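If you're matching them up, the sequences are chains S and V in order.
Sequential numbering from 0 applies to the first sequence in numbering that gives the first Met the number 0.
Sequential numbering from 0 applies to the second sequence in numbering that gives the first Met the number 0.
Derived by calculation from the structure, the hints in this document are not laboratory data.
Some hints here could point you the wrong way.
As the list claims (entries may be wrong) - Cβ pair distances, simulated, as ranges:
#1 V:Thr112 x S:Trp33: 42 to 48 Å
#2 S:Arg7 x V:Ser255: 53 to 59 Å
#3 V:Leu184 x S:Gly94: 43 to 49 Å
#4 S:Arg197 x V:Gly70: 41 to 47 Å
#5 S:Gly94 x V:Ile44: 51 to 57 Å
#6 S:Leu44 x V:Leu62: 19 to 25 Å
#7 S:Gly94 x V:Ser255: 29 to 35 Å
#8 V:Glu258 x S:Thr9: 25 to 31 Å
#9 V:Thr63 x S:Asp50: 27 to 33 Å
#10 V:Lys240 x S:Arg1: 38 to 44 Å
#11 V:Leu207 x S:Leu44: 44 to 50 Å
From a predicted model like this one, the values you see are computed outputs, not experimental measurements.
We put the beta carbon where it would ideally sit given N, CA and C, even for glycine.
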Amino acid sequence: MRAEKIFRRTLSGTSYVVMLLVAGLFVTLVVGAWPSIAEFKLNFLFNTVWDPVKGNFGAATFIVGTLMTSFLALVISVPFSLAIALMLGEYYRFGLFSRIVRIFVDLLASVPSVVYGLWGIAVLVPAVRGIESHIGVTPYGVGMFTAAIILAIMILPYSASIAIEVIKLVPDDLRSAGFAVGATRREMILNVVFPFARSGIFAGVLLSLGRALGETMAVTLVIGNVMQLPKTIFSPGNTLASVIASQFTEASGSLHLAAMIELALVLFVITTIINAISHQIIIRIGGEAPA
Amino acid sequence: MSATEIVPSTETMYRPRTAGRKAGNAFFRGLVLVLGLLAVAPFFIIMYHVVVNGAGAINWAFLTQLPRPVGESGGGMVNSIIGTLLIIALSVLLSVPFGILAGVYLSENKRGTLSSATRLMVNVLQSIPSIVIGIVMYSWIVVPIRSFTALAGGIALAVMMLPIVIKSSEEVLNLVPSGLKEGALALGVPYHTTILRMILPSSLGGILSGVMLAIARIAGETAPLLFTAFGNPYLNVNVLKPVDAIPLMIYNYAKSPYESWLKMAWGASLVLIVIIFLLNIAVRSRRERL
Numbered sequence: 000m001r002a003e004k005i006f007r008r009t010l011s012g013t014s015y016v017v018m019l020l021v022a023g024l025f026v027t028l029v030v031g032a033w034p035s036i037a038e039f040k041l042n043f044l045f046n047t048v049w050d051p052v053k054g055n056f057g058a059a060t061f062i063v064g065t066l067m068t069s070f071l072a073l074v075i076s077v078p079f080s081l082a083i084a085l086m087l088g089e090y091y092r093f094g095l096f097s098r099i100v101r102i103f104v105d106l107l108a109s110v111p112s113v114v115y116g117l118w119g120i121a122v123l124v125p126a127v128r129g130i131e132s133h134i135g136v137t138p139y140g141v142g143m144f145t146a147a148i149i150l151a152i153m154i155l156p157y158s159a160s161i162a163i164e165v166i167k168l169v170p171d172d173l174r175s176a177g178f179a180v181g182a183t184r185r186e187m188i189l190n191v192v193f194p195f196a197r198s199g200i201f202a203g204v205l206l207s208l209g210r211a212l213g214e215t216m217a218v219t220l221v222i223g224n225v226m227q228l229p230k231t232i233f234s235p236g237n238t239l240a241s242v243i244a245s246q247f248t249e250a251s252g253s254l255h256l257a258a259m260i261e262l263a264l265v266l267f268v269i270t271t272i273i274n275a276i277s278h279q280i281i282i283r284i285g286g287e288a289p290a
Numbered sequence: 000m001s002a003t004e005i006v007p008s009t010e011t012m013y014r015p016r017t018a019g020r021k022a023g024n025a026f027f028r029g030l031v032l033v034l035g036l037l038a039v040a041p042f043f044i045i046m047y048h049v050v051v052n053g054a055g056a057i058n059w060a061f062l063t064q065l066p067r068p069v070g071e072s073g074g075g076m077v078n079s080i081i082g083t084l085l086i087i088a089l090s091v092l093l094s095v096p097f098g099i100l101a102g103v104y105l106s107e108n109k110r111g112t113l114s115s116a117t118r119l120m121v122n123v124l125q126s127i128p129s130i131v132i133g134i135v136m137y138s139w140i141v142v143p144i145r146s147f148t149a150l151a152g153g154i155a156l157a158v159m160m161l162p163i164v165i166k167s168s169e170e171v172l173n174l175v176p177s178g179l180k181e182g183a184l185a186l187g188v189p190y191h192t193t194i195l196r197m198i199l200p201s202s203l204g205g206i207l208s209g210v211m212l213a214i215a216r217i218a219g220e221t222a223p224l225l226f227t228a229f230g231n232p233y234l235n236v237n238v239l240k241p242v243d244a245i246p247l248m249i250y251n252y253a254k255s256p257y258e259s260w261l262k263m264a265w266g267a268s269l270v271l272i273v274i275i276f277l278l279n280i281a282v283r284s285r286r287e288r289l
């Protein structure tokens, strides 16, 4: 009987450990960032200066960089991910073709971030530099635009695989009803499939946004590591994640270190909120949250 | 008079536009196919560059020698390969037994405040950017020990593996027929024996797939290792010393201005991608057999 009790306690104990772990991560960030939080208060989020010499730190430059690259990446990737979802969820739902394309979508998601970064440096940066000198902007090669392209490729499998699932969830009765009133495939998709699957597709896009916001290595390698507010989409800059990756070890002094940790805290809070919303939507429409 | 006014307007309304609608339909289908296929094109472009640039760098010496200083030609990545194996072994050891137990708890308690709170926390844990986990592990382990360690890297990756292991174990255990458990309990078998000797063994294959998937996901992680395992140009198997890892090596060489180091980064990328794809394919073929 005692062994049974211990076993049950151990099982429920794991739950408490998971919660403690997440709480511990959050508390550690708050405690580590405290000198900076106490010093700069809310102004930290709106201050564009990052000056270790004078001890004046603000996250606005990196928040703008993060939002700019992530939303640009969404704009680039959403049409493609919708197309993939319609291709595999509507036009070719079964068969060899759909299985093969699906495998490539999954493999795209499994390429490590740092390999995307290496490819970005060696192939994409020179290509973007070519485009930039062609259209007459300063040809840095590195910058927001390059980072956004890499991000778009990286997050595409996440929004696409959820969109495929929710499009498959559309009841066939509704599809047939659409065809029965004489709709073409296109009209049926636009008037039946999309309205039905809209919130699920949106959840998938949010989930991929969460990925883009926190993505580190590939962005760090191609964004240029410049501590200035980006002026155009071609400017070099930094995101929250990339500035931590490239400058955390150089933090000198406790306030500098605390400000760095506060950047991580800001990133944690933003991504957690975005992901929580998208999980709620997915649960509400009765789909499976991706493992 | 009024009737003749109405008739033309209904005619325009119901005039068949079949040709235009058919064309629109065909155009839409073409657009979907072109964009859909373009979306997987980056995969082939990236693989092309990795294979073309990486294949030339890989040979026996590359896989078995230590890196050499700048200027000397040759040198290898054996320190990173051993380091990656060491870190992954640590993270599997730390996350898998615990993750399976948590999966058992969630699958045994489908409802309830504690399990839904735990599921929420597992999702939160999964959504935390890897660089943030690196920062926290730096303050938890690196600062007290006063040294970058393989252990810290292993713990950081264990935290990243944990949600994947928990979720996949829960899913697999949910598939076990409840009659199996009820039968054992009806025969008077104690609860823990039922779980450990009947339920877990019957779903071991699925759980193993989940673990392999989790390893494939973390094997290429770089950000959590930057401030934990840190990197090390020498061979090290001591868990309390810094070690190198394949993704760390790629990052450091990718940043370098030397052509020969860039080539080694490509070689290491090819090695890493082959390992990850093999794990993925193994999981996929297991799933299809089940």
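Should the hint that Leu44 of chain S and Leu62 of chain V are 19 to 25 Å apart at their CB atoms be regarded as holding?
Once the Cβ atoms are compared, 48 Å apart, the range 19 to 25 Å for Leu62 of chain V and Leu44 of chain S is violated.
Just to be sure I understand the hint, the distance between the Cβ atoms of Arg197 of chain S and Gly70 of chain V should be within 41 to 47 Å; is that true here?
Violated, since Arg197 of chain S and Gly70 of chain V (Cβ atoms, about 59 Å apart) do not stay within the stated range.
Consistency of beta-carbon spacing, Arg1 of chain S to Lys240 of chain V, with hint 38 to 44 Å
holds, 42 Å
Quick check on a hinted range of 42 to 48 Å for Thr112 of chain V and Trp33 of chain S, using CB atoms only.
violated, 31 Å
Leu207 of chain V and Leu44 of chain S, beta-carbon distance inside 44 to 50 Å?
holds, 45 Å
In this structure, is the beta-carbon distance linking Thr63 of chain V and Asp50 of chain S contained in 27 to 33 Å?
The hinted range 27 to 33 Å is violated for Thr63 of chain V and Asp50 of chain S, with Cβ atoms some 48 Å apart.
Please test the hint of 51 to 57 Å on the beta carbon pair from Gly94 of chain S and Ile44 of chain V.
violated, 26 Å
Status of the given 43 to 49 Å range, CB of Gly94 of chain S versus CB of Leu184 of chain V
holds, 44 Å
Look at the Cβ atoms of Gly94 of chain S and Ser255 of chain V and judge whether their distance stays inside 29 to 35 Å.
violated, 46 Å
That 53 to 59 Å hint for Arg7 of chain S and Ser255 of chain V (C-beta), does it hold up?
holds, 55 Å
Consistency of beta-carbon spacing, Thr9 of chain S to Glu258 of chain V, with hint 25 to 31 Å:
violated, 55 Å
Hints 1, 4, 5, 6, 7, 8 and 9, counting from the list given before, are not met by this structure.
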